[in-house]
Amino acid sequence: MTPQDPGSQSTQRPGTQSTQNPGAHSPQNPDTQGPGSRALVMARIRRALADVPRAETPDAVPVERTYHRVHGDRTPTETVDLLAEHLADYRAIVHRADAPSLPALIARLLADRGATSVAVPPGLPDSWLSAVPDAVRRVPDTAELTPHDLDAVSSVVTACAVAIAETGTVVLDAAPDQGRRRITLVPDHHICVIRVPDQVVDSVPEGLERLDPGRPLTWISGPSATSDIELDRVEGVHGPRTLEVILTGSPAGPETAGQS
Amino acid sequence: MSGTHQATYLGMPAFPAAADASTRNTQLRANLRHATHTIRAKRATAVAELDDWSPLRAAGAAIKDRTLRHLDHYLEQLESAVTAAGGHVHWAADADEANRIVTELVQATGEREVVKVKSMATQEIGLNGALATAGITAYETDLAELIVQLGDDLPSHILVPAIHRNRGEIRDIFAEKMAEWGRPAPEGLTDAPADLAEAARLHLREKFLNAKVGISGANFMVAETGTLVVVESEGNGRMCLTLPETLISVVGIEKVVPTFQDLEVFLQLLPRSSTAERMNPYTSTWTGTTDADGPRTFHLVLLDNGRTDTLADTVGRQALRCIRCSACLNVCPVYERAGGHAYGSAYPGPIGAILTPQLRGIQSELDASLPYASSLCGACYEVCPVAIDIPEVLVHLRERVVEGGPVSIRGTRTVIKPAKGHAAERAAMRAARWALDHPRVLRTGQRLASRTRRFHPRRLPGPGRAWSDTRELPKVPEESFRDWWQRTRGESGTEGRKTT
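So the protein sequences, as listed, match chains A and B. If you use this note's numbering, the first sequence corresponds to residues 1 to 260, in order. If you use this note's numbering, the second sequence corresponds to residues 1 to 500, in order.
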């Protein structure tokens with residue numbers, strides 16, 4: 001049964017003193033709200049939580065993390081194989097290349113798609129595009145690049161921050177070898193290079209702990225897809241219709257020097 | 001443009017009336033049956049892949065409980081972190097205030113059009129309608145939301161809002177309506193899902209490329225870091241979150257989680273529970289603004305709109321754990337037959353049956369009927385990734401409807417009366433209690449009932465009619481059990497059984 005709060009006196013709890021926040025009012029909209037709403041909602045919350053003992057701290061509410069860090073016991077090779085399998089499950093096209101053959105593979109994948117232009121993150125290792133003919137226009141990722149400019153670009157080549165085997169996910173964190181979020185979104189063909197095994201982790205918890213929340217993160221598991229029409233899966237709605245992933249073996253050669 | 005900004009559910013009939021109509025729609029029932037059975041089977045497979053589902057689910061529930069019990073603390077932490085990262089935080093006590101804040105923020109940009117990521121919170125507050133009133137056109141960019149918007153329709157499912165439509169209906173909607181909203185559908189559009197998706201891609205791409213303002217919700221907000229998270233499949237979310245210059249996110253205050261690490265639990269629970277995938281195709285996280293990557297201005301509108309009233313109910317509070325995965329809809333026998341529209345809310349299905357009456361209160365006939373939109377079979381609780389005991393809350397809310405009692409309305413504790421229509425039931429129960437407490441009265445009543453049994457109607461008059469419309473009244477026996485016992489055993493009850 002609901003314990004009652006007979007009065008409605010404010011039940012300010014320890015450690016929750018109100019801090020007025022200068023950002024609470026949008027500078028260009030001084031009239032958007034009075035200071036009242038913040039105080040009102042906070043007061044409602046504190047009244048609603050009258051049943052919570054005043055001395056209780058957030059950490060006093062138990063959260064048992066008895067779930068697994070990793071599902072299964074794998075060698076690094078097995079982890080990479082699982083990543084490849086799960087990426088393919090969601091219709092990403094998976095390739096493997098050692099460091100010397102990587103440039104030729106990238107050039108071939110662009111040619112196979114008839115790419116006439118390719119978006120290039122500023123920190124992409126130069127060697128990666130060294131076998132791509134000059135006829136394929138390089139479009140550097142700059143702040144001036146508009147969405148319309150990008151819409152005319154065929155393909156994009158990036159590195160990644162980390163890849164998660166159990167879910168078949170690559171994560172981009174907008175580092176210089178991956179570029180702004182938009183370049184992997186608007187062009188219809190994304191080639192993403194993963195350095196194996198060092199950029200591959202087994203699980204979501206392992207992936208998350210490698211990432212910096214302060215950076216914008218994009219988790220990608222296969223190409224854009226929808227199941228909105230009778231739950232039939234259709235690939236390629238708004239994002240890239242084709243995601244090609246290259247697992248490239250490390251002996252870390254000079255081509256990985258540009259990694260941040 | 002037609003008057004398509006229908007976003008409110010005002011005036012919807014109570015659940016029984018709405019369900020009575022929708023269950024007769026055989027097309028709807030076929031669509032829903034196919035959809036719910038497909039996705040529930042897939043989900044079971046995806047969940048079975050993780051042998052620690054149970055501990056993950058327990059951790060998800062515990063993290064949410066920790067957050068809710070200290071919501072003020074985490075919201076203050078979130079506000080500071082978002083502000084420090086360059087965002088602006090606004091507080092909205094109710095739907096009107098949230099709509100006003102967003103409208104003014106859009107007006108300040110000078111823009112008349114916005115692109116939207118599918119968002120339950122903006123559905124809940126009827127944002128599109130409010131923007132339309134101010135002369136601002138909101139374009140839904142999720143394929144299903146687009147179908148709903150073009151069809152001048154309402155969403156009927158949390159995850160797949162146009163699930164009540166089949167491909168033929170969608171083709172017709174696109175062919176007839178796309179031109180009113182922008183790029184027309186291609187000539188000779190077929191009903192193949194791939195063709196329909198391509199038509200949507202072309203129709204929406206021009207909007208994405210030109211959009212200056214994006215509006216979203218969020219699946220999670222991280223208090224510790226000020227990070228917002230949007231989970232999606234199509235890439236329309238990424239378009240709206242990164243291409244416009246201004247991003248406005250409207251998020252319920254219950255969506256906060258304490259730490260970045262906590263996402264490891266929810267990013268495992270949510271995709272497998274909702275789309276039955278190991279991971280959804282795209283997840284975007286952002287923390288305030290980033291130089292030259294994504295919007296230059298970010299506004300976060302924190303929405304109460306009944307959440308604090310829900311928080312005040314220690315039984316009903318657990319509904320705020322909900323991560324909107326929609327697993328409960330797909331297993332619910334009532335949802336499968338009635339469809340989402342019958343619930344008269346942005347939140348249909350079992351979670352809607354407990355969330356809506358708490359967010360809006362149970363004063364209206366519709367809202368008072370929702371806790372009864374269930375067979376209490378418990379399947380919803382079984383699949384819930386954050387272990388919300390939906391049946392428990394349903395029963396609790398039924399008691400509130402019938403008995404009245406203490407609730408919180410817009411932050412004020414008050415005692416509500418029993419809902420209208422339940423007065424007769426209460427009177428009958430009171431009379432029954434009195435009769436059962438007085439054996440002589442009970443015996444007299446039973447004998448009277450037996451003697452008049454030939455005259456009993458098969459249907460009840462007055463307020464009982466609705467109940468007896470669909471049921472046969474039980475026949476009264478010739479003799480009550482008490483009388484039978486008295487006659488056959490009573491005289492010699494203490495002497496042992498005559499027959500032996």
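Calculated directly from the structure, the hints in this document are not laboratory data. Owing to the predicted nature of the structure, the values given are computational and were not obtained by experimental measurement. Treat the hints with caution; some may be incorrect.
These stretches of chain A come out as covered by chain B in the derived footprint (C-beta under 8 angstroms, 3 or more residues) [as the list claims (entries may be wrong)]:
1) 107-114
2) 124-131
3) 224-232
Chain B is faced by these chain A residues, among others (derived, beta-carbon under 10 angstroms) [as the list claims (entries may be wrong)]:
4) L49
5) T77
6) A143
7) T184
Every residue, glycine too, gets a C-beta built ideally from N, C-alpha and C.
Here is how each hint holds up against the structure:
Requiring three or more residues with a Cβ within less than 8 angstroms of a Cβ of chain B, the coverage given for the segment 107-114 of chain A is violated, as only 0 such residues are present. Figure legend: the segment 124-131 of chain A, annotated as covered by chain B; annotation inconsistent (0 residues with Cβ-Cβ distances under 8 angstroms, at least 3 required). Note: the segment 224-232 of chain A has 9 residues with beta-carbon separation from chain B under 8 angstroms; the three-residue rule is met and the coverage holds. Proximity of A/L49 to chain B holds as hinted, the smallest CB-CB distance being about 7 angstroms (cut-off 10 angstroms).
Taking 10 angstroms as the C-beta contact cut-off toward chain B, the hint placing A/T77 at the interface is violated, the least distance being around 20 angstroms. Hint status for A/A143 relative to chain B: holds, with the closest Cβ pair at about 4 angstroms, below 10 angstroms. Restraint check, A/T184 versus chain B: the minimum CB separation of about 9 angstroms is within 10 angstroms; hint holds.
Checked against the numbered hints above, the structure violates hints 1, 2, 5; every other hint is satisfied.
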